[in-house]
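Trainee: The residues making up each chain are set out below.
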Amino acid sequence: MIKVRIPTPLRSMTGGKGEVESTGGTIQELIDNLDSSHPGLKDRLCDERGEVRRFINIYVNEEDIRFLTGKHTPLKDGDEVSIVPAIAGGSL
Amino acid sequence: MTELTEEQIQRYSRQIILPEVGGKGQRKLRQAKVLIIGAGGLGSPIALYLGAAGVGTLGLIDGDRVDLSNLQRQILHTTACVGTPKVESGQQLLAALNPDVHLRIYQEHITVANVMDIVSEYDLVLDGSDNFGTRFLVNDACFFAKKTLISGSIFRFEGQLATIKPHEGYPCYRCLYPEPPPAGLVPNCQEAGVLGVLAGTIGILQANEAIKEILQIGESLADRLLIYDALEMQFRKVARPKDPHCPLCSSSPRITTLEEHHVSCQVS
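As they're listed, the protein sequences go chains D and G. Per the numbering used here, the first sequence runs over residues 1 to 92. Per the numbering used here, the second sequence runs over residues 1001 to 1268.
Any given hint could be a false lead.
Partial selection, computed: residues in chain G whose CB lies under 7 angstroms from chain D [unchecked claim]:
hint	residue
1	E1020
2	F1132
3	I1154
4	S1250
5	R1254
Quick list of in silico lysine-lysine cross-link-like pairs, DSSO-like style, CA-CA up to 27 angstroms [said to hold, decoys possible]:
hint	chain 1	residue 1	chain 2	residue 2
6	D	K76	G	K1242
7	G	K1237	D	K3
8	G	K1147	G	K1033
9	D	K17	D	K76
10	G	K1033	G	K1146
11	D	K42	G	K1147
12	G	K1024	G	K1212
13	D	K76	G	K1212
14	G	K1146	G	K1024
15	D	K42	D	K17
16	G	K1212	D	K71
17	G	K1146	G	K1237
18	D	K71	G	K1024
19	G	K1024	G	K1147
20	D	K3	D	K71
21	D	K76	D	K3
22	G	K1242	G	K1147
23	G	K1146	D	K17
24	D	K3	D	K42
25	G	K1212	G	K1033
26	D	K71	D	K17
None of these hints come from the bench; they were simulated from the model. Model, not experiment: these values are computed from the prediction. C-beta atoms are modelled at their ideal positions from N, C-alpha and C, and glycine is treated no differently.
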């Protein structure tokens, strides 16, 4: 099982949950599996070519997948994945 | 550096007795020039704490006026100030708090036209703006001007914090997020909502990191991103490496001048 941390802007897709569990041997498989249990999540994370959007970072444990092997980054049981989008609020 | 007055020694005594600060650190704070972008949710606690700590020169830029709906979190402003420019309201409170502080106010928004002139007057820039366009512009301007930037941002119950100093070999904001989100993919700013206390938490952490940068003490957040979840009460730090393909700070940059970003706050 892989623990996935869901950021506030995407919690509407996970019934308000900040953490969900899923499976997958790579980030790509994990995103596909997450999309099966939470339909629409993949569209929020990836562009039309299936690439992770440039204002969303995904971390395996504490490492950014852009500096590993991107969506092909391997995952193992017990890994923690965090989804961290850019946020802009300050004055609001 | 001129010596501290008796009154200053008394005012700052609780931090001067810290070995990491001392009289020397207090004089460094008095010499420091810090620009605060936005006199809102983040800018308020930043200005109050840096002003109280005796930072000598504070620049405050904000083009907006105080609205009643700001007061839940923008503690630099009071009910009597509704309708007045935020920088004027901030000036009144800061002058009352600490007459030592030299405050420079700019009642305008940050733009491609004014950002370099303003940023160049300061040692350190703290971004508390409310939109991606300003954030990317401020990052790029600080990169070109070689100024350290402390970036804080908030959304609902979540906050992010990073110290950005590519001129010392660390990553820039674009190494973390190369591009702003396209219009339509970010939630409406007003509908998104934010917990007032969250603005305070992140703003105070920005002020903390600013004092550390001025005094050159402790661990800098220059290669980490701090993520705060107020509901879970969890702080996490993740690695923030320098991107060898960064469009701005890599050896072959795509961005070589300031550019406008128009990122609207509309829901798709």
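Trainee: Compare the structure with each hint and give your call.
Mentor: Checked hints:
| no. | hint | in the structure |
| --- | --- | --- |
| 1 | E1020 | violated, 27 angstroms |
| 2 | F1132 | holds, 5 angstroms |
| 3 | I1154 | holds, 5 angstroms |
| 4 | S1250 | violated, 13 angstroms |
| 5 | R1254 | violated, 13 angstroms |
| 6 | K76(D) to K1242(G) | holds, 26 angstroms |
| 7 | K1237(G) to K3(D) | holds, 17 angstroms |
| 8 | K1147(G) to K1033(G) | holds, 11 angstroms |
| 9 | K17(D) to K76(D) | holds, 22 angstroms |
| 10 | K1033(G) to K1146(G) | holds, 14 angstroms |
| 11 | K42(D) to K1147(G) | violated, 38 angstroms |
| 12 | K1024(G) to K1212(G) | holds, 14 angstroms |
| 13 | K76(D) to K1212(G) | violated, 38 angstroms |
| 14 | K1146(G) to K1024(G) | holds, 25 angstroms |
| 15 | K42(D) to K17(D) | holds, 17 angstroms |
| 16 | K1212(G) to K71(D) | violated, 37 angstroms |
| 17 | K1146(G) to K1237(G) | holds, 25 angstroms |
| 18 | K71(D) to K1024(G) | violated, 50 angstroms |
| 19 | K1024(G) to K1147(G) | holds, 23 angstroms |
| 20 | K3(D) to K71(D) | holds, 17 angstroms |
| 21 | K76(D) to K3(D) | holds, 11 angstroms |
| 22 | K1242(G) to K1147(G) | holds, 17 angstroms |
| 23 | K1146(G) to K17(D) | violated, 41 angstroms |
| 24 | K3(D) to K42(D) | holds, 17 angstroms |
| 25 | K1212(G) to K1033(G) | holds, 14 angstroms |
| 26 | K71(D) to K17(D) | holds, 23 angstroms |
Violated hints, in rising order: 1, 4, 5, 11, 13, 16, 18, 23; the structure is consistent with all others.
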